[in-house]
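Enquirer: So the sequence lines, in the order shown, correspond to chains F and D.
If you're matching positions, the first sequence starts at 1 in the numbering used here and goes up one per residue.
If you're matching positions, the second sequence starts at 1 in the numbering used here and goes up one per residue.
These aren't lab readings, by the way, just hints derived from the structure by calculation.
One or more hints might be untrue.
The list makes no distinction among identical chains, and a pair is therefore deemed to hold if it is satisfied within one copy or across any two copies.
Claimed, not checked - In silico DMTMM-like cross-links for lysine to aspartate or glutamate, where the CA-CA straight-line distance does not exceed 25 Å:
1) 125 <-> 211
2) 326 <-> 284
3) 125 <-> 41
4) 319 <-> 303
5) 324 <-> 284
6) 244 <-> 143
7) 333 <-> 301
8) 162 <-> 301
9) 28 <-> 161
10) 125 <-> 303
11) 326 <-> 256
12) 336 <-> 161
13) 336 <-> 294
Bear in mind the structure is a predicted one, so any value in this text is a computation, not a measurement.
Number of protein chains: 2
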Amino acid sequence: MTNIILSGGSGTRLWPISRTLFPKQYNKLFQGRSLFQKTYERNRNHCDKSIIITNQEQYFMALDQLDEIGARAEFLLEPVGRNTAPAIALAALMVDPEEILLVTPSDHLVNDETAYGAVLTVAKKLAGQGYLVTFGITPEYPETGYGYIEADGNDVRSFKEKPDRQTAQRYIDQGNYYWNSGIFCFSAKSFLEELQRYAPEIYQQSKTAFEKAKRDQAVRIDLDDMLAIPEDSIDYAVMEKSTKVKVIPSTIGWSDMGSFESLYEVLPKDTSGNTTESNTLHLDSRDNLIIGHERMIATVDVEDLMIVDTADALLIAKKGSGQKVKQIVARLKEEKNDLHNIHMTAHRPWGTYTILEESA
Amino acid sequence: MTNIILSGGSGTRLWPISRTLFPKQYNKLFQGRSLFQKTYERNRNHCDKSIIITNQEQYFMALDQLDEIGARAEFLLEPVGRNTAPAIALAALMVDPEEILLVTPSDHLVNDETAYGAVLTVAKKLAGQGYLVTFGITPEYPETGYGYIEADGNDVRSFKEKPDRQTAQRYIDQGNYYWNSGIFCFSAKSFLEELQRYAPEIYQQSKTAFEKAKRDQAVRIDLDDMLAIPEDSIDYAVMEKSTKVKVIPSTIGWSDMGSFESLYEVLPKDTSGNTTESNTLHLDSRDNLIIGHERMIATVDVEDLMIVDTADALLIAKKGSGQKVKQIVARLKEEKNDLHNIHMTAHRPWGTYTILEESA
Numbered sequence: 001m002t003n004i005i006l007s008g009g010s011g012t013r014l015w016p017i018s019r020t021l022f023p024k025q026y027n028k029l030f031q032g033r034s035l036f037q038k039t040y041e042r043n044r045n046h047c048d049k050s051i052i053i054t055n056q057e058q059y060f061m062a063l064d065q066l067d068e069i070g071a072r073a074e075f076l077l078e079p080v081g082r083n084t085a086p087a088i089a090l091a092a093l094m095v096d097p098e099e100i101l102l103v104t105p106s107d108h109l110v111n112d113e114t115a116y117g118a119v120l121t122v123a124k125k126l127a128g129q130g131y132l133v134t135f136g137i138t139p140e141y142p143e144t145g146y147g148y149i150e151a152d153g154n155d156v157r158s159f160k161e162k163p164d165r166q167t168a169q170r171y172i173d174q175g176n177y178y179w180n181s182g183i184f185c186f187s188a189k190s191f192l193e194e195l196q197r198y199a200p201e202i203y204q205q206s207k208t209a210f211e212k213a214k215r216d217q218a219v220r221i222d223l224d225d226m227l228a229i230p231e232d233s234i235d236y237a238v239m240e241k242s243t244k245v246k247v248i249p250s251t252i253g254w255s256d257m258g259s260f261e262s263l264y265e266v267l268p269k270d271t272s273g274n275t276t277e278s279n280t281l282h283l284d285s286r287d288n289l290i291i292g293h294e295r296m297i298a299t300v301d302v303e304d305l306m307i308v309d310t311a312d313a314l315l316i317a318k319k320g321s322g323q324k325v326k327q328i329v330a331r332l333k334e335e336k337n338d339l340h341n342i343h344m345t346a347h348r349p350w351g352t353y354t355i356l357e358e359s360a
Numbered sequence: 001m002t003n004i005i006l007s008g009g010s011g012t013r014l015w016p017i018s019r020t021l022f023p024k025q026y027n028k029l030f031q032g033r034s035l036f037q038k039t040y041e042r043n044r045n046h047c048d049k050s051i052i053i054t055n056q057e058q059y060f061m062a063l064d065q066l067d068e069i070g071a072r073a074e075f076l077l078e079p080v081g082r083n084t085a086p087a088i089a090l091a092a093l094m095v096d097p098e099e100i101l102l103v104t105p106s107d108h109l110v111n112d113e114t115a116y117g118a119v120l121t122v123a124k125k126l127a128g129q130g131y132l133v134t135f136g137i138t139p140e141y142p143e144t145g146y147g148y149i150e151a152d153g154n155d156v157r158s159f160k161e162k163p164d165r166q167t168a169q170r171y172i173d174q175g176n177y178y179w180n181s182g183i184f185c186f187s188a189k190s191f192l193e194e195l196q197r198y199a200p201e202i203y204q205q206s207k208t209a210f211e212k213a214k215r216d217q218a219v220r221i222d223l224d225d226m227l228a229i230p231e232d233s234i235d236y237a238v239m240e241k242s243t244k245v246k247v248i249p250s251t252i253g254w255s256d257m258g259s260f261e262s263l264y265e266v267l268p269k270d271t272s273g274n275t276t277e278s279n280t281l282h283l284d285s286r287d288n289l290i291i292g293h294e295r296m297i298a299t300v301d302v303e304d305l306m307i308v309d310t311a312d313a314l315l316i317a318k319k320g321s322g323q324k325v326k327q328i329v330a331r332l333k334e335e336k337n338d339l340h341n342i343h344m345t346a347h348r349p350w351g352t353y354t355i356l357e358e359s360a
């Protein structure tokens, strides 16, 4: 089995920790390990080979992080992102048609690796039988930020767009709805066949682009060839149309790190009241989510804030408003402000950050 | 007339802008000018000479700031502060007994210099007649953080401690109560006579300390001699007891810069809604007081915060809780954390800060 790691994203909802050229998956948030490194290691336990799909700008960063953990991978470099269907098609063309592919984002967290391993075993078996397998995460609460999969055992009844609160609650109550995780398992051949059937233009242009790619340290797709591939997600292009799709209900401690609230949820914390922990000092403050860098952070009479401090940018947001952070990045881009892009004064270019305290 | 500038304070309520070794009066908060420099210039228009009373640690900082504005002064260096009565006694001993002294803190702001000049003319005249003159600021609102002076024309009926809210309101309503500004005017002789009468131990020990002082670039008091002087304020030691005290009601645009709220009040601001001004970006945020340094500051869904960002420390406080900031400094001292003391990573050692925005 080959692990395809999708690693081109920029994680705008974790700005200012995440920047376009230094996305969240490369931040060493977990005892010196990044989500990218953890993703590699988690899946390498079950795969013989890894293919990283990313862009040229992030190539050396990814390479360095692999070096750090003594890892190797093949690279597929996209000059521009065309969403997941083309990316996975190009990767599928890199391997033997019979090879089973385990497609994973690089910026998710899986806390229960034993359960994950068990799920993979089932997935691999179904993939070997020609099915396109998607992982449905058992929902823990009525999240409105994810798509859902309506299941009937391992069969998919339907894919659901991000629901409103009420609909999400109904999904939870019904018990056969799962979060669409973006993790997939299938043979290269099965995927390419279904892609050819339901999105022939993506298939054909991907094939052309792949054949014309440069091959040196990495498989490098040409810009014009990449732009010729229609942009689409694997869900829209294939999964929602194919009759060969299976879903595996998965309870694996999954988190997509899609906001500071979810990041905070999974990070180790010091919890205390108004005492000085590490580099903070709190006076009559509580329930604040603080992700610090090097600076002393003092609070007085404040509560329910997210405070995220980096060398060159500081975010202060109301807890629960994390989904709006991407609008900050959009605004910075609009204004051609480089802070969306890079750490301008990064003292620690590969970013180590620590949760300082949730004053309780 | 000689201006005595009291400049040894450390401004703990403006931490992290103000540090023990870099107090607020040296911060260049006003178009490149510090409160110390502004104090010097404001009073030098009315005085022939200036005497700076400060400590050894701040000597060169004060000297540099005088150099910058082409100014000169004599220095009296205290090895340890013993409050205002000893400081002023020592300064009074430095000049001719008939000299009129204008005693001013170094960290206050006076916005109406014309009115201030008029008040000084009256003060100087009364001082020449042997009176000890204190400046009573016409109160603008029922502040509970200041002492009040109950006046009857230029006569003082009584000094009042910091009142509670209700009492302060009563003072305002009665119309003959003034904020005790800490600005004084008297002849050296008159002050020393009254000090000798009402606080003879302070007078005597100050005289001894002054006589034994080293005299080189500055008059430098010996530590043991300084410690032998009882610690007391000029108000307690002299003004509240002497029968020669006069008060001059003053409407001069005075501010004591005693908290971020009062500092913010007098600083130039950009006011706007959710737009990017200078180095901030606000999303659905309002009524925040932001004093920035170099870093980008983004806010999402927050209101009524004070955000004060410096190179090595960040303060996030509820607006109106500014008086508690000194507790942060006390805590840092307790914990022997040097951040109360110095800017550990100061990029700009003499500190220029800008008001970024009050999102309205």
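Enquirer: Which hints from the list above does the structure break, by number from lowest to highest?
Expert: Of the numbered hints, 1, 6, 9, 10, 12 do not hold.
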